[in-house]
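A.B. asks: In case you want the letters, here they are:
There are 4 protein chains.
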Amino acid sequence: MDRNLIIRPLKRSDHDEWRRLWTSYLDFYETAVSEEVYQVSFQRLLSHEIGEYRCFIAEMAGKPVGLAHFLYHRTMWSVEDTCYLMDLFIDPEVRGKGIGRALIEKVHETAKQDGVPGIYWATQEFNYKGRMLYDQVATRTPFIIYEKND
Amino acid sequence: MDRNLIIRPLKRSDHDEWRRLWTSYLDFYETAVSEEVYQVSFQRLLSHEIGEYRCFIAEMAGKPVGLAHFLYHRTMWSVEDTCYLMDLFIDPEVRGKGIGRALIEKVHETAKQDGVPGIYWATQEFNYKGRMLYDQVATRTPFIIYEKND
Amino acid sequence: MDRNLIIRPLKRSDHDEWRRLWTSYLDFYETAVSEEVYQVSFQRLLSHEIGEYRCFIAEMAGKPVGLAHFLYHRTMWSVEDTCYLMDLFIDPEVRGKGIGRALIEKVHETAKQDGVPGIYWATQEFNYKGRMLYDQVATRTPFIIYEKND
Amino acid sequence: MDRNLIIRPLKRSDHDEWRRLWTSYLDFYETAVSEEVYQVSFQRLLSHEIGEYRCFIAEMAGKPVGLAHFLYHRTMWSVEDTCYLMDLFIDPEVRGKGIGRALIEKVHETAKQDGVPGIYWATQEFNYKGRMLYDQVATRTPFIIYEKND
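Protein chains in written order, with the numbering used here: chain A, 1 to 150; chain B, 1001 to 1150; chain C, 2001 to 2150; chain D, 3001 to 3150.
By construction, these hints were calculated from the structure, which means they are not laboratory data. Note that the structure is predicted; figures quoted are calculated from it, not measured. Keep in mind that a hint or two might mislead.
Using 20 Å as the maximum straight-line C-alpha spacing, the simulated EDC-like pairs for lysine to aspartate or glutamate come out as follows [unchecked claim]:
| # | chain 1 | residue 1 | chain 2 | residue 2 |
| --- | --- | --- | --- | --- |
| 1 | D | LYS3148 | C | GLU2125 |
| 2 | A | LYS148 | B | ASP1087 |
| 3 | D | LYS3112 | C | ASP2150 |
| 4 | C | LYS2112 | D | GLU3147 |
| 5 | C | LYS2148 | D | GLU3125 |
| 6 | D | LYS3129 | C | GLU2147 |
| 7 | C | LYS2148 | D | GLU3080 |
| 8 | B | LYS1129 | A | GLU147 |
| 9 | A | LYS11 | A | GLU49 |
| 10 | B | LYS1148 | A | ASP114 |
| 11 | D | LYS3148 | C | ASP2081 |
| 12 | C | LYS2097 | C | ASP2087 |
| 13 | A | LYS106 | B | ASP1150 |
| 14 | D | LYS3148 | C | GLU2109 |
| 15 | C | LYS2129 | B | GLU1125 |
| 16 | A | LYS148 | B | ASP1135 |
| 17 | A | LYS129 | B | GLU1147 |
| 18 | D | LYS3148 | C | GLU2105 |
Restraint-style ranges between C-beta atoms, simulated for each label pair [to be verified]:
| # | chain 1 | residue 1 | chain 2 | residue 2 | range |
| --- | --- | --- | --- | --- | --- |
| 19 | A | ASN149 | D | GLY3115 | 41 to 51 Å |
| 20 | B | ASP1027 | D | LYS3129 | 39 to 49 Å |
| 21 | B | ASP1027 | D | GLU3030 | 28 to 38 Å |
| 22 | A | GLU105 | D | PHE3028 | 27 to 37 Å |
| 23 | B | MET1132 | D | ARG3003 | 47 to 57 Å |
| 24 | C | ILE2050 | D | GLU3030 | 25 to 35 Å |
| 25 | A | ASP27 | C | ARG2101 | 41 to 51 Å |
Heads up, incomplete: computed chain D residues facing chain C, CB under 7 Å, no partners named [as the list claims (entries may be wrong)]:
| # | residue |
| --- | --- |
| 26 | GLY3051 |
| 27 | TYR3053 |
| 28 | HIS3069 |
| 29 | LEU3071 |
| 30 | MET3076 |
| 31 | HIS3108 |
| 32 | ILE3119 |
| 33 | TRP3121 |
| 34 | GLU3125 |
| 35 | ARG3140 |
| 36 | THR3141 |
| 37 | ILE3145 |
| 38 | LYS3148 |
Beta carbons: idealized from backbone N, C-alpha and C, even for Gly.
Here chain A stands alone, though its shape is the one from the complex (with noise of 0.2 Å):
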């Protein structure tokens, strides 16, 4: 792993770092979010409280340069919570360098220290890069996701 390379909690003061690459992750999906949920979520982030996601930010000299959100839940297999790794981005000038799998790892340590022993997460079947990586560090299951909105 990189020397210059930190992965360390999101904090308050990363607020404007943090902003611009959760905008980076939503423009990737081509999707955005309102307002509202860019303070509730940033609050939550923060908040420690249980049930609540969190945020490990990676820093390379420096400066933030990815995030990784994560959230444990009840799952029906296991008295354990399980970990879901709800978004993972890196600034794409800086991919290659072993920064997603240093939050992946990170995110894994730390459920693990915090008794929850899997992570799980979910990509686009044609998230072609992100996959190159998630083969190495983990398991692709069979699992497919629906969903119902309407």
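Dock chains B, C and D against the given chain A, drawing on the hints supplied.
C.D. replies: Same frame as chain A, but now just chains B, C and D:
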């Protein structure tokens, strides 16, 4: 919908039938859980606490024949939570009668009443019988799932 | 296999029933072909020339109820040709009786007798009923198909 | 397209470079073919007979760096044949220069000149680098492939 079909919340007196249905579901996935997981899960399903999963039972002519386990959890994409339909199971001998559809719709309606606008679930790509129903009532997303348990 | 089921080569006198079955197949794929294609294809199926497709008819109690079109073609992977099972169709009202399986096996046996060791076919990922059969008699490969028609 | 890039038919004098490229392709798929298959395939690629596969070589600064094998075969969907692009390979060290795209386009143009309107090919679902290109130049179909070799 069949006039003899009732979808209702799990009750403590359902324990044996719930356990039978849940075991059939686990058999389908060629897995098993410990006795402790059975006991803890059943307590949690009845606890009605925030962050806990819940259960609806499909009852046909007075007999439990199906179940749905679901969970509300935070999402970064909205202020409201989202609803994860974790498990859905119908006794094989009563399939094709709209029970699965009725369970999905009940979970969806309940979530909406609770201020949770959308539901989603995962299924194995080769769960053909399930997908015949899901294609009718929901939208397949392009998302696939990776997991990391080691 | 049903004792009333016969799998046999297409005959000229099958024209009307072949056309009915082939049209049902095209309907399934929500497509159609021109009158010329019907006529040319039927002639080719009966020509028995090298490089032409061939057809087996499934006959139940004297009535054609299914068909398989197949073609041998060169492959870079072996000296022998490979066999492409192009189309398989069974009348909906007689499904679940082993007719599809019998057609596949007949094509496979015929190919082997002709010195063609393997057969393959393509199906839509969401052809659940077909895949229930294919998973039993064949191997799903990780291959997907791209096309360029413009 | 790179001005030093030429796409041209395979020649007999390409044998050693063709064999090198084709072996690299087979290595990618973690497979191998017999010496007989190498020899027979090379003769067939040069035969120009009906029903035989053909080959285009991509030459960069005078050196073969890529190949495409393709075959015309009958289809039930049209009077015209269709074109199966069987194999495509580019030397890893010269990827990202448009060679794969140029080979696909050359095969497509050639097929059209030969009265064959469409081309198709199969690729592994997890051939991410290939699919990055294919998504740009072609259409992913919902078709998957089954095979039966026993």
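A.B. asks: If you check each hint against the structure, which ones fail?
C.D. replies: none
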